[in-house]
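Enquirer: Using the sequences provided together with the hints, build the complete structure.
Residues per chain are reported as follows:
There are 2 protein chains.
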Amino acid sequence: MTELHNDLFLRACLRQPVERTPVWMMRQAGRYLAEYRETRKRAGGFLDLCKNPELACEVTLQPIDILGADAAILFSDILVVPEAMGMELTFGAGEGPKFPAPIASRADVERLPVPDPEQELDYVMAAVRAIRRALAGRVPLIGFSGSPWTLATYMVEGGGSKTFSKVKGMMFNDPDTMHLLLAKLADAVAAYLNAQIANGAQAVQIFDTWGGILTTRDYREFSLRYMRRIIEQLTREHEGRRVPVILYTKGGMGWLEDIAASGCDVVGLDWTIDIDRARARIGDRVALQGNMDPAMLYARPARIREEVRDILRRFGHHNGHIFNLGHGITPDVPREHAIEFFRAVREESPVFHR
Amino acid sequence: MTELHNDLFLRACLRQPVERTPVWMMRQAGRYLAEYRETRKRAGGFLDLCKNPELACEVTLQPIDILGADAAILFSDILVVPEAMGMELTFGAGEGPKFPAPIASRADVERLPVPDPEQELDYVMAAVRAIRRALAGRVPLIGFSGSPWTLATYMVEGGGSKTFSKVKGMMFNDPDTMHLLLAKLADAVAAYLNAQIANGAQAVQIFDTWGGILTTRDYREFSLRYMRRIIEQLTREHEGRRVPVILYTKGGMGWLEDIAASGCDVVGLDWTIDIDRARARIGDRVALQGNMDPAMLYARPARIREEVRDILRRFGHHNGHIFNLGHGITPDVPREHAIEFFRAVREESPVFHR
Numbered sequence: 001m002t003e004l005h006n007d008l009f010l011r012a013c014l015r016q017p018v019e020r021t022p023v024w025m026m027r028q029a030g031r032y033l034a035e036y037r038e039t040r041k042r043a044g045g046f047l048d049l050c051k052n053p054e055l056a057c058e059v060t061l062q063p064i065d066i067l068g069a070d071a072a073i074l075f076s077d078i079l080v081v082p083e084a085m086g087m088e089l090t091f092g093a094g095e096g097p098k099f100p101a102p103i104a105s106r107a108d109v110e111r112l113p114v115p116d117p118e119q120e121l122d123y124v125m126a127a128v129r130a131i132r133r134a135l136a137g138r139v140p141l142i143g144f145s146g147s148p149w150t151l152a153t154y155m156v157e158g159g160g161s162k163t164f165s166k167v168k169g170m171m172f173n174d175p176d177t178m179h180l181l182l183a184k185l186a187d188a189v190a191a192y193l194n195a196q197i198a199n200g201a202q203a204v205q206i207f208d209t210w211g212g213i214l215t216t217r218d219y220r221e222f223s224l225r226y227m228r229r230i231i232e233q234l235t236r237e238h239e240g241r242r243v244p245v246i247l248y249t250k251g252g253m254g255w256l257e258d259i260a261a262s263g264c265d266v267v268g269l270d271w272t273i274d275i276d277r278a279r280a281r282i283g284d285r286v287a288l289q290g291n292m293d294p295a296m297l298y299a300r301p302a303r304i305r306e307e308v309r310d311i312l313r314r315f316g317h318h319n320g321h322i323f324n325l326g327h328g329i330t331p332d333v334p335r336e337h338a339i340e341f342f343r344a345v346r347e348e349s350p351v352f353h354r
Numbered sequence: 001m002t003e004l005h006n007d008l009f010l011r012a013c014l015r016q017p018v019e020r021t022p023v024w025m026m027r028q029a030g031r032y033l034a035e036y037r038e039t040r041k042r043a044g045g046f047l048d049l050c051k052n053p054e055l056a057c058e059v060t061l062q063p064i065d066i067l068g069a070d071a072a073i074l075f076s077d078i079l080v081v082p083e084a085m086g087m088e089l090t091f092g093a094g095e096g097p098k099f100p101a102p103i104a105s106r107a108d109v110e111r112l113p114v115p116d117p118e119q120e121l122d123y124v125m126a127a128v129r130a131i132r133r134a135l136a137g138r139v140p141l142i143g144f145s146g147s148p149w150t151l152a153t154y155m156v157e158g159g160g161s162k163t164f165s166k167v168k169g170m171m172f173n174d175p176d177t178m179h180l181l182l183a184k185l186a187d188a189v190a191a192y193l194n195a196q197i198a199n200g201a202q203a204v205q206i207f208d209t210w211g212g213i214l215t216t217r218d219y220r221e222f223s224l225r226y227m228r229r230i231i232e233q234l235t236r237e238h239e240g241r242r243v244p245v246i247l248y249t250k251g252g253m254g255w256l257e258d259i260a261a262s263g264c265d266v267v268g269l270d271w272t273i274d275i276d277r278a279r280a281r282i283g284d285r286v287a288l289q290g291n292m293d294p295a296m297l298y299a300r301p302a303r304i305r306e307e308v309r310d311i312l313r314r315f316g317h318h319n320g321h322i323f324n325l326g327h328g329i330t331p332d333v334p335r336e337h338a339i340e341f342f343r344a345v346r347e348e349s350p351v352f353h354r
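Taken in order, these protein sequences are the chains called G and W. Going by our numbering, the first residue of the first sequence is number 1, and it counts up by one from there. Going by our numbering, the first residue of the second sequence is number 1, and it counts up by one from there.
Hints are supplied without guarantee of correctness; some may be wrong.
Note that the list lumps identical chains together, so a pair holds whenever it fits in one copy or between two copies.
[Said to hold, decoys possible] Derived DSSO-like pairs (lysine-lysine); straight-line CA-CA distance at most 30 Å:
| id | residue 1 | residue 2 |
| --- | --- | --- |
| 1 | LYS184 | LYS41 |
| 2 | LYS184 | LYS98 |
| 3 | LYS166 | LYS41 |
| 4 | LYS98 | LYS41 |
None of these hints come from the bench; they were simulated from the model.
Expert: Here you go:
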């Protein structure tokens with residue numbers, strides 16, 4: 001095992017003291033970087049990049065070199081899990097993901113296998129190992145998966161959606177089938193994340209991108225419940241260290257108390273709640289990750305720095321904050337704005353940790 | 001003045017006792033009704049329908065006849081206000097609205113006139129008068145407008161957006177210009193709503209569709225502040241009655257206390273908060289409108305009725321609830337499901353008003 005040189009991220013996840021606030025950025029390996037676009041072109045399509053361990057490793061490390069991120073996050077896509085369950089997946093140019101044969105019946109759900117991640121997702125595991133080798137202990141590596149509910153929305157809708165009519169129709173009219181699908185997905189995701197941990201991921205994040213479209217009752221029954229089912233199955237210690245679990249539900253700020261009680265170590269915040277208010281509600285139980293509006297990266301560097309300071313000040317002199325955006329960085333953000341965001345957190349945060 | 005035969009809606013807005021819970025539905029005059037599609041075909045395009053007072057009146061009354069809605073809402077579009085300010089507006093087939101020449105500079109904002117609604121929006125006023133005549137006191141008529149922030153997003157982005165990069169870029173980098181735009185829009189909307197009231201609207205709703213994409217600080221400064229500026233200018237008494245103001249911010253459930261303190265009579269809820277929790281937070285100050293998940297209309301009629309009962313039970317034996325969806329009805333909902341929704345509220349609610 002290589003020694004970990006920068007463990008700020010892992011310490012903050014466990015609410016231990018740090019010298020400065022660690023920072024990474026959702027979708028930090030992405031199109032806003034020319035280096036990413038160049039690597040992606042060499043790979044072919046987006047899915048080809050996900051499936052090429054060497055190139056996936058290359059783009060994972062770019063934001064570490066360019067931005068000085070305090071954590072690397074595996075480059076992949078949440079939809080490789082349904083693909084490994086036998087669903088054909090395509091990414092058309094300029095379009096979102098498509099499943100040409102979506103889940104439409106109980107028989108479709110019953111047919112879905114729970115994949116062996118070391119087999120059907122071996123390319124992800126190869127990427128995890130390659131990234132750990134390439135990082136050589138510079139920063140920790142975060143693994144990730146979509147939440148069962150979020151994966152189910154794509155699998156039933158056949159792609160993105162505005163109304164979520166099919167997946168909600170199934171949830172309302174055939175809840176048993178929906179529960180069967182979500183249970184299978186939870187077990188598949190748990191095995192997938194455990195394999196990522198076994199191969200070298202030092203923390204994992206569950207992305208619940210579409211939990212926020214539900215009512216409180218449905219969120220608890222169809223989304224949070226299955227994230228808890230995952231967390232219960234996860235390896236929580238590896239390589240002699242705790243493996244923190246981050247749970248992020250976009251649009252779920254009304255349910256922070258429930259999320260914090262899920263067994264996770266870190267709650268991911270979007271930008272619609274002030275971090276001091278989130279801390280007042282749940283901060284003593286878990287660490288918080290977030291929560292700058294990703295659109296703030298369209299602002300001038302001086303304004304970005306002012307916002308970073310404001311969020312740091314709101315969180316105050318406490319342990320347990322990982323700085324991040326409230327959602328992924330968008331492709332048209334100027335690179336120097338992303339660099340300034342990281343620099344601002346590095347420079348402005350030490351005063352809050354004295 | 002015609003006598004109002006069914007004033008349940010107006011009484012509920014003012015938290016007065018009612019015999020049963022009144023119900024209407026956002027976008028109740030819409031594509032899910034064959035009658036609407038037929039009238040729209042006769043009109044030509046969508047904007048032609050908005051500008052034809054006779055046909056706008058026809059579609060406004062359809063849900064009163066078909067569903068038995070307890071309130072009519074003016075058929076129009078929020079973007080007729082920027083169009084009346086001189087911005088070219090198009091609705092392509094199957095596309096969203098487009099402003100081919102969006103607002104990009106302070107000079108663009110300075111050039112914008114505050115329109116005289118009796119002149120530039122005379123067709124809306126003609127529709128309001130025609131609807132009042134045609135309703136003949138059956139149910140009250142609700143007028144409406146988009147919020148200044150929501151109108152500004154379309155005017156600066158040039159249409160819909162996923163990232164809101166341009167409007168947030170202007171907000172962060174040139175807040176003075178954004179404030180000038182929002183102030184002009186607030187004054188234009190206030191004049192527009194007052195003209196609707198003068199011509200016969202008996203309540204008004206402000207739709208803040210995009211307030212929920214903001215941080216708490218930005219919501220207060222760039223959205224709520226200008227809705228308050230509107231409310232301060234509104235005619236609150238007309239035809240010997242209070243004219244209730246409904247304020248609806250989609251995704252704004254974290255800010256209910258602020259919204260309730262805006263001077264409005266009714267707070268519109270989306271479906272991401274339980275109505276009992278909303279009532280516990282603000283219910284004594286204002287009435288509540290909402291809050292069934294619009295996707296529940298994809299469920300079987302029995303499931304729809306169960307959900308209606310659940311929301312009624314959560315609100316309990318109190319005054320001040322107007323039943324509605326948490327957002328507009330979607331085009332592919334079966335007509336009989338919408339009818340069942342209205343029937344369920346009529347049949348299940350009297351027990352809560354004894």
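Enquirer: Any hints from earlier that this structure breaks? Give me their numbers in increasing order, please.
Expert: Number 1 - this is the single hint that the structure violates.
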